[in-house]
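Visitor: Below, each chain spelled out in residue letters.
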Amino acid sequence: DVKVTQSSRYLVKRTGEKVFLECVQDMDHENMFWYRQDPGLGLRLIYFSYDVKMKEKGDIPEGYSVSREKKERFSLILESASTNQTSMYLCASRPGGVNTEAFFGQGTRLTVV
Amino acid sequence: GQQLNQSPQSMFIQEGEDVSMNCTSSSIFNTWLWYKQDPGEGPVLLIALYKAGELTSNGRLTAQFGITRKDSFLNISASIPSDVGIYFCAGPKISSGSARQLTFGSGTQLTVLP
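For the protein sequence lines, the chains are E and B, in the order given. Sequential numbering from 1 applies to the first sequence in the working numbering. Sequential numbering from 1 applies to the second sequence in the working numbering.
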């Protein structure tokens with residue numbers, strides 16, 4: 001079974017803090033993604049990576065950065081957390097190829113106070 | 001852009017009832033994926049469809065790949081309380097070169113009343 005593991009289920013951080021969300025996948029997938037999910041807005045892509053050290057902006061990259069130093073690990077960084085970044089964050093990985101599915105982690109519920 | 005319009009946005013049904021939801025797009029999709037997200041968890045794949053006209057079942061779930069390749073349907077028969085959650089359709093985003101990204105519908109929130 002493919003496993004995508006996010007480092008925390010719940011996080012509470014203060015405004016202005018630097019926040020790291022970690023994601024690890026165990027199936028050697030090329031592609032990894034970070035989404036945020038808010039009620040009524042569906043899944044919105046923040047960043048994705050298709051190879052080590054490669055990254056591309058998604059639909060809402062402002063206020064976020066990412067790091068992919070190893071193929072299995074994709075980190076999302078909030079440089080200076082703000083209350084409007086309170087959300088559910090979902091990591092996903094996907095093998096190469098057009099007709100492949102994405103596998104999701106269990107999600108991290110981040111609250112910024 | 002390549003968008004997926006998913007409906008309904010939410011449904012409240014009685015236990016035992018059948019459920020139907022759908023996704024439509026103005027663009028052609030070569031693959032349709034249906035995911036379910038339990039409360040507080042990440043989405044999990046339910047059914048994948050790869051051919052126009054394909055009808056695939058997974059237990060009480062049945063999904064169809066529309067013949068025009070611009071729509072897909074998911075049906076749940078005889079709903080039970082554990083069917084509660086958000087259901088998403090998704091497909092490869094053709095505009096992203098090698099289709100690395102998936103486009104997701106906005107989700108259908110299903111509530112099953114006892």
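Rather than coming from a laboratory, the hints here were simulated on the basis of the structure. In this text, a Cβ means the ideal position worked out from N, Cα and C, and glycines have one as well. Wrong hints could be hidden among the right ones.
Stated by the list, open to error - Only some residues are given here: those of chain B computed to face chain E with a beta carbon under 8 angstroms:
1) Thr31
2) Leu46
3) Gly53
4) Glu54
5) Phe73
6) Pro92
7) Arg100
8) Gln101
9) Leu102
10) Phe104
11) Gly107
12) Leu113
13) Pro114
Stated by the list, open to error - Computed list of chain E residues with no C-beta within reach of chain B, every gap over 10 angstroms:
14) Thr15
15) Glu79
16) Gly105
Stated by the list, open to error - PhoX-like mimics (lysine-lysine), calculated; alpha carbons at most 20 angstroms apart, straight line:
17) E:Lys55 with B:Lys93
18) E:Lys57 with B:Lys51
19) B:Lys51 with B:Lys93
20) B:Lys70 with B:Lys93
Visitor: Interface hint check: phenylalanine 104 of chain B, Cβ to nearest Cβ on chain E, cutoff 8 angstroms. Holds or violated?
Guide: 5 angstroms, holds
Visitor: Taking only the CA atoms, is the gap from lysine 51 of chain B to lysine 93 of chain B under or equal to 20 angstroms?
Guide: It holds: about 17 angstroms lies between the C-alpha atoms, which stays within 20 angstroms.
Visitor: Take the C-alpha atoms of lysine 70 of chain B and lysine 93 of chain B, compute the straight-line distance between them, and say whether it is at most 20 angstroms.
Guide: 13 angstroms, holds
Visitor: For the hint on arginine 100 of chain B, does the least C-beta distance to chain E fall short of 8 angstroms?
Guide: 5 angstroms, holds
Visitor: Does the no-contact call for glycine 105 of chain E survive, Cβ to all of chain B over 10 angstroms?
Guide: The claim breaks: glycine 105 of chain E does not keep its Cβ more than 10 angstroms from every Cβ of chain B (closest is about 5 angstroms).
Visitor: Does glutamine 101 of chain B meet its interface restraint, that is, does its C-beta lie within less than 8 angstroms of any C-beta in chain E?
Guide: Because about 6 angstroms separates glutamine 101 of chain B from the closest Cβ in chain E, which is inside the 8 angstroms limit, the hint holds.
Visitor: Go through the hint on glycine 53 of chain B and say holds or violated, using the shortest Cβ distance to chain E against 8 angstroms.
Guide: 16 angstroms, violated
Visitor: If you take the shortest Cβ to Cβ gap from threonine 31 of chain B to chain E, is it below 8 angstroms?
Guide: Nearest chain E Cβ about 4 angstroms off; hint holds.
Visitor: Sort out whether lysine 93 of chain B lies within 20 angstroms of lysine 55 of chain E, counting only the CA atoms.
Guide: Roughly 17 angstroms separates the two Cα atoms, so the pair holds.
Visitor: Go through the hint on leucine 113 of chain B and say holds or violated, using the shortest Cβ distance to chain E against 8 angstroms.
Guide: 20 angstroms, violated
Visitor: Does proline 114 of chain B meet its interface restraint, that is, does its C-beta lie within less than 8 angstroms of any C-beta in chain E?
Guide: Violated: closest Cβ of chain E sits about 24 angstroms from proline 114 of chain B, beyond 8 angstroms.
Visitor: Do the numbers back the hint for phenylalanine 73 of chain B, that is, is its least Cβ distance to chain E under 8 angstroms?
Guide: 19 angstroms, violated
Violated hints, listed in ascending order, are 2, 3, 4, 5, 12, 13, 16, 18; each of the other numbered hints is respected by the structure.
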